[in-house]
Structures are given as structure tokens and as C-alpha cells.
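Undergrad: Let chain W serve as the given structure and place chain Y with the ligands on it in line with the hints.
Chains as they are written, first to last, in the numbering used here: chain W, 1 to 247; chain Y, 1001 to 1370.
Errors might be hidden in some of the hints.
[As the list claims (entries may be wrong)] Counterexamples of contact, computed for chain W against chain Y with all Cβ distances above 10 Å: (1) Thr2; (2) Ala27; (3) Lys28; (4) Asn56; (5) Gly64; (6) Glu66; (7) Glu121; (8) Asp170; (9) Val204; (10) Gln207; (11) Leu238.
[Claimed, not checked] Restraint ranges, calculated between C-beta atoms of paired labels, are given here: (12) Y/Ile1348 / W/Asp137: 27 to 35 Å; (13) Y/Val1227 / W/Asp156: 53 to 61 Å; (14) Y/Pro1228 / W/Asp156: 54 to 62 Å; (15) W/Lys243 / Y/Arg1097: 57 to 65 Å; (16) W/Glu121 / Y/Trp1161: 54 to 62 Å; (17) Y/Ala1363 / W/Glu121: 26 to 34 Å; (18) W/Lys243 / Y/Ser1351: 53 to 61 Å; (19) W/Asp137 / Y/Ser1351: 20 to 28 Å; (20) Y/Asn1299 / W/Asp137: 20 to 28 Å; (21) W/Lys129 / Y/Gln1362: 25 to 33 Å; (22) Y/Pro1278 / W/Glu25: 32 to 40 Å; (23) Y/Asp1355 / W/Asp137: 15 to 23 Å; (24) W/Ser57 / Y/Ser1351: 52 to 60 Å; (25) W/Gly188 / Y/Pro1278: 33 to 41 Å.
Hints are computed from structural coordinates only; laboratory data are not their basis. Even glycine gets a Cβ: it sits at the ideal position worked out from N, Cα and C.
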Amino acid sequence: MTFLQIRDVHKSYGTTPVLNGVSLEVAKHEVVCLIGASGSGKSTLLRCINALETINSGEILVNGDEVTGRGVDLNVLRRNVGMVFQSYNLFPHMSVLKNITLAPTMIGGVPKAAAEERAVELLEKIGLKDKVGAFPDALSGGQQQRVAIARAMAMDPQVLLLDEITAALDPELVGDVLEIIRELARGGLTMLLATHEMGFAREVASQVCFLHQGRILERGTPERIFEDPSEERTQQFLSRVIKAGRL
Amino acid sequence: MSRVMPFRDTAANPLKPVRSAPPPVVRLAVAAVLISVVAAVCFGIALRNLYVLTGASNLVVLAVCVVAALAGWIPLLPALRAVTRAKERTSLMRQDRIVEARHTAALGRESASTSLGYAAAVFVLAALLAFAVTNDGAIAQTFLRGSFIAEAWEDVLKAFWVNVRVAIGAEILVLILGLAIAVMRMIPGPAGRPLRILATLYADIFRAIPGIIVLYLVGFGLSLAEVPVFRDLPPIWLAIFALTLTYSAYVAEVYRAGLESIHPSQWAAARSLGLSYPMTLRTVIIPQAIRRVMPPLLNDFIGLQKDTALIGVMGVIDAFTQSRLVASSVFNLSPVTVVAIIFVLATIPQSRFVDRLVERDQARQRAGSS
Ligand SMILES: Nc1ncnc2c1ncn2[C@@H]1O[C@H](COP(=O)(O)OP(=O)(O)OP(=O)(O)O)[C@@H](O)[C@H]1O
Ligand SMILES: [Mg+2]
Chain W
1 MTFLQIRDVH KSYGTTPVLN GVSLEVAKHE VVCLIGASGS GKSTLLRCIN
51 ALETINSGEI LVNGDEVTGR GVDLNVLRRN VGMVFQSYNL FPHMSVLKNI
101 TLAPTMIGGV PKAAAEERAV ELLEKIGLKD KVGAFPDALS GGQQQRVAIA
151 RAMAMDPQVL LLDEITAALD PELVGDVLEI IRELARGGLT MLLATHEMGF
201 AREVASQVCF LHQGRILERG TPERIFEDPS EERTQQFLSR VIKAGRL
Chain Y
1001 MSRVMPFRDT AANPLKPVRS APPPVVRLAV AAVLISVVAA VCFGIALRNL
1051 YVLTGASNLV VLAVCVVAAL AGWIPLLPAL RAVTRAKERT SLMRQDRIVE
1101 ARHTAALGRE SASTSLGYAA AVFVLAALLA FAVTNDGAIA QTFLRGSFIA
1151 EAWEDVLKAF WVNVRVAIGA EILVLILGLA IAVMRMIPGP AGRPLRILAT
1201 LYADIFRAIP GIIVLYLVGF GLSLAEVPVF RDLPPIWLAI FALTLTYSAY
1251 VAEVYRAGLE SIHPSQWAAA RSLGLSYPMT LRTVIIPQAI RRVMPPLLND
1301 FIGLQKDTAL IGVMGVIDAF TQSRLVASSV FNLSPVTVVA IIFVLATIPQ
1351 SRFVDRLVER DQARQRAGSS
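Here chain W stands alone, though its shape is the one from the complex:
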């Protein structure tokens, strides 16, 4: 069953076209990885799905409901679509606990006690139970990203968008974060992630999309994309990645 449907989306910043007709379908429990060179439009696509950017034409449907037109309640949409960014995710003036419970208590209508209980549960899962009262500045980058994922999960989103969440991390911190994504994938969460971690994409993705200049040039199973890419651009991109030692 198609859960997320993107149809011929066009988006430009001013006169610069960034997305040139992207179409993509994501079924429930699928993990889709977006790969592609810097500037190919991965972040923009994710931001459009979460309505952080408006699109110029085309449509995006979540759970069969169009979310891009006028009059859509974006706040409801975003409760179902969680997102984690590359950096500056956490609110620095709030403790870890407050970061996680803010949205559930303020807009999810969850009582404070229940939200805190849930937050502690989530923190336990990501191995950061002892950081409940800590402020983000006192956490390592990897710990911050894990808390950011926990915070997004606290709203029980139906799909999670992850935009290069390990790109700003020291290599030894990447593993912990990826482990949590792996765990979420095993649990059947629908995810759409932009990543430069090709090995990881290959491991968790059910579908890999190669973006080039605002278009999905090629998509398929990770085996096919990584071992037998049909497009020349994909081959070039992958060989560059291999040269950089990232596959």
C-alpha cells in the first residue's frame, strides 16, 4: 500500500530550479534512501514533504491525503511526519526531557506525567537514560542526534524523514546513531533518509533513489543500484564515492 506519494514535484528558489519533477512512492514499512551529489536536492525534497518549503507544482500525498495545497493543516501533517536534521536539532535552552516532552504535551494533548514516562522509555531505548536532565550543550554530537530521533519518535510519527543526520558527526559517533535507525527499521517504521553513508544505505534500504539535478534519475533495490547501476551518472557518482572510501 502506498503511504507516501510524490507526483511530479517542481520547486525553485527564486529563478533557480532545485526539484525538476520528482515522483516517488513509498509504501508502509519501507525504508527509502536518497543518495546523490551535494546540491542535487535531497534536503529540499525532504523539507517539501514536511511542508517546510512550499512547492511550485505537483502534489504530495501522505496516507492518501494531499498535503501541499491551500488550507492543509500543516501542524497535523507534521505530527504524522517526523523529521530530524543534520545539526542544530535540539533546543539548547531546554533539558533533554523537556526537548522530548515539549511537542507531546503542547500539541499532542498528552498529560505531562505520561509524556515524561514515555520520554524516559525512549531514552532508555537509545541508551541515554542518565541524560534525562542534561542540556544539549553537555551532550556529544552523536548523543544529541540520538535525542533528536527520540524527540521525533515521541510524537509517534507514521513516517520519519532523516536528512543526513550523521553528516556532522565524528566518525566514531556515527555508529551509535545508525544503530538506532537500524532498530527503527526493524520495528517497521517508514523512513525516508538522505545519506552519504552508502554502506548503511545498502544495508537498511528497501529502495535507493539516486537524485541528480533535482530529478530521480534511477531507483531500485540497493543491490541493483550499487552493483549494477544502469545510468552513467549513477556509475560516475558511485565510483567517486568509492574513491573517497565511503562504500
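TA: For chain Y with the ligands alone, coordinates are given in the frame of chain W:
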């Protein structure tokens, strides 16, 4: 000249380390001794003149002057220590104990510099004192006459209470109105446009009009025009209102700078959690912005507090007005100096307080405990 360039030596004989000789200390140490003596003497003379001028045969005043004069000699101590080090350095060099000599020389130069720094401060104080007692003490007599200060002190302090009330009242209102205007300037979309324009106009206009003119217009205009409500307000409230008008415009700019300095990712993170625009502003952006603008905000508040000395133009008797009344009756400015001193005393603790707040905040975020 038998001095050899060290690097040439090294090149010729790379295995034998060349240790550079320490810089000389003697000249600096002697200079420190001379300068601190001169400073202490000048300071002493200035103090003596001051004591003579006060004309008091008061033992306490004498004791204070003597203690101060003795304190003026403090810079000599490190200077003497520097001289000792200089001698040590020479003898160590003679024994070819270069590393120790270097160490001693460094300590000596440090002592000498310390002495020079303190001596400079003593000089400045001596100069200020000398200025105060020039013209047979005309300066001190005009600004710092003890008897007039004693006479005016109480009345002026009482009147200062008006300044305090006006300042606190205006500050509370400014915090609210300033934030409201800053937020108005950020309302998005075409619907927010009229409000954005209004807020911008407000900030532009009230930053342009001198505060004293606003005070004057509000103080007399509103009651002249018989504006309801305002007509019946006591003048002190009109003063608060006028200062609020002016300072909200400044503080709104401070807030705005703070709001805009928050990284856009914080907006995205909050919005992606489903928080609405106003909620994001209230729970995520404004708290961070306020923390960040604390120092400039407090600076504006100190400016506001000082401007409470202007409310005399609207007929409110504040500390400055009161001191002028006394000053004109005794033909001496000492009562006005009292106001100046009170403002200084009221402001300095605030600056220190803000510094502490900022430090504690940072320390808490670093420590990571709630
Ligand atoms: N706010 C913006 N205003 C103008 N242009 C933008 C903006 N955001 C992104 N772009 C442009 O859109 C294009 C796509 O950017 P995007 O961030 O989606 O790329 P990306 O694939 O995520 O790259 P990376 O791998 O470096 O994160 C880039 O050329 C970028 O310069
Ligand atoms: Mg990106």
C-alpha cells in the same frame, strides 16, 4: 663585539645546544624604582594639599590621608624585588647558570612591570587630586564641599526614590511593549503586513525623537488636550508612559536582533514537530533570544535609568531637580554631585549582577544539569 648570532652558531655546531642569554633586568628595575618613588612623592604632595585645603583638624581625615600617602609607596615594593632579581641574574650569569638566570630575569622583569603598572595608577590618582585642589581648591569647593553634601544628601536621596519608581515602572512596561513590537515586525504573510509596517514606523519615529521632547510633549500635551484617562494621571505616571514610548523603540530593536540571531534550524526543528508559528516563537525562539540579548537590554535599561533625570521638564521633582533646588539656594554644585554619585552607586551593582547572571547561565548549560 663578541656577540654571536645564535642561529649561526647552531648551524656550525648542531649538537651543542645554544642557550640564549636572558634579557637584562637592571635598567628596567632601576626605572621602576625611580618612577614609583616620583609617583609616591607626587601623590603625597597632592594629599597634603588636599588635607590643608579641607581645613579640618580632624584626626580621622588626617589618618585617612596618611594611610593613603603610605599606600602610594606600594609600587616601590615590586620595584625593589626587581632590583634584587637583577643582582641575582648577574651573579648567576657569572657562574654560567643560564637557565636559572633566565628564570630569575623573567621574574625580575615581571616585578618591574608590575611596579610600573601600579606606579602609573598612583600617578593618575595624584593628577586627579592635583586637579581637584587647583585654584586653591576651587574645584573641590565647587563640586565636593562636605557641608553642602551633608545638607543635601537626605532630600536628594528621598527624591531619588521617584527616579527609582519611574525607572522600574518604565522598565517593566518596556519589556512587554518592546517585545510586542519586535514580534509584530516578524508576523509573516500578507495579513501581517499592516502590523509590520506600523511596528516599523513606531520604532523609526520614537528612536528619532529625543527623549526629552517626548517627555515634554506627553507631560504637558496630554493634560492640555484633556485626553481622557491621561488627563487624570499623576505626573509620575506620565513620566513612566513617556519613557516607555521612547525606550520600547530601542528595546524592540534589541529583541529583534536577538530573535533574528536564532538559527533557522531551530524554527525548522520546532515546526517539524508540529508546533505552530506562535508556539514556536513563544517556547523556542523568544526564550533563547531573551537570554542572548540580556547584556544589550540591560545597557538600554541603564540608559533609561539615567534618562529619569530628565523628567524634571514635566514638573516631576526627581533627584536631579531636587539637587538643583538646593544647589541654587547655596550657590554651589555639591548637591548635584550627590545625584551623580547616587546614579553611579545605583548602576554599578546592576552591571555586576548581569555579568553574574550571564555567567551562571553559561555555567549551567555547560554543566548540563537542570
Ligand atoms: N534557502 C535556499 N535558497 C536558495 N537556494 C537554496 C536554498 N536551499 C537550498 N538551495 C539550493 O538548492 C539546491 C539543492 O539544495 P539541497 O540542500 O536540497 O541539496 P542536497 O542534495 O541536500 O545537498 P547536500 O548533500 O550538500 O546536503 C542547491 O543548489 C542549493 O544551493
Ligand atoms: Mg542536504
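Undergrad: Hint by hint, say whether it matches the structure.
TA: Do the hints match the structure? See the list:
Against chain Y, the non-interface label of W/Thr2 holds: every CB pair exceeds 10 Å, the least being about 22 Å. With a cut of 10 Å on Cβ distances, W/Ala27 stays outside the contact zone with chain Y, its closest approach being about 22 Å. With a cut of 10 Å on Cβ distances, W/Lys28 stays outside the contact zone with chain Y, its closest approach being about 21 Å. The claim that W/Asn56 is not at the interface with chain Y holds, since no C-beta of that chain comes within 10 Å of its own (minimum 18 Å).
Residue placement check: W/Gly64 keeps its beta carbon more than 10 Å from all beta carbons of chain Y (closest about 20 Å). Here W/Glu66 stays apart from chain Y, with its beta-carbon at least about 18 Å from theirs, past the 10 Å limit. The claim that W/Glu121 is not at the interface with chain Y holds, since no C-beta of that chain comes within 10 Å of its own (minimum 18 Å). Listed as outside the interface, W/Asp170 is consistent with that label: its C-beta sits roughly 19 Å from the nearest C-beta of chain Y, beyond the 10 Å cut-off.
With a least CB separation of 22 Å from chain Y, W/Val204 remains clear of the 10 Å interface cut-off, as annotated. Every Cβ of chain Y is farther than 10 Å from the Cβ of W/Gln207; the closest lies at roughly 23 Å, confirming the non-interface assignment. With a cut of 10 Å on Cβ distances, W/Leu238 stays outside the contact zone with chain Y, its closest approach being about 30 Å. With their beta carbons about 31 Å apart, Y/Ile1348 and W/Asp137 fall inside the hinted range of 27 to 35 Å.
Distance hint for Y/Val1227 and W/Asp156: a CB-CB separation of about 56 Å, consistent with the stated range 53 to 61 Å. Separated by about 55 Å at the C-beta atoms, Y/Pro1228 and W/Asp156 satisfy the suggested range of 54 to 62 Å. A C-beta distance of roughly 59 Å is found between W/Lys243 and Y/Arg1097, which places it inside the suggested range of 57 to 65 Å. Checking the proposed 54 to 62 Å range against W/Glu121 and Y/Trp1161 shows it holds: the Cβ atoms sit about 56 Å from each other.
As the Cβ distance of Y/Ala1363 to W/Glu121 is approximately 31 Å, the hint placing it in 26 to 34 Å holds. In this structure the hint that W/Lys243 and Y/Ser1351 lie 53 to 61 Å apart at CB holds, the actual value being about 58 Å. The supplied range of 20 to 28 Å is met by W/Asp137 and Y/Ser1351, whose beta-carbon atoms lie about 26 Å from each other. One distance hint, 20 to 28 Å for the beta-carbon pair Y/Asn1299 and W/Asp137, holds here, with the actual separation near 26 Å.
Between W/Lys129 and Y/Gln1362 the beta carbons are some 26 Å apart, a value that agrees with the proposed interval 25 to 33 Å. The hint said 32 to 40 Å for the Cβ distance between Y/Pro1278 and W/Glu25, and at roughly 35 Å that hint holds. Distance hint check for Y/Asp1355 and W/Asp137: the Cβ-Cβ separation is about 20 Å, which falls inside the suggested range of 15 to 23 Å. At roughly 57 Å, the beta carbons of W/Ser57 and Y/Ser1351 sit within the given window of 52 to 60 Å.
At roughly 35 Å, the beta-carbon separation of W/Gly188 and Y/Pro1278 lies within the given 33 to 41 Å, and the hint holds.
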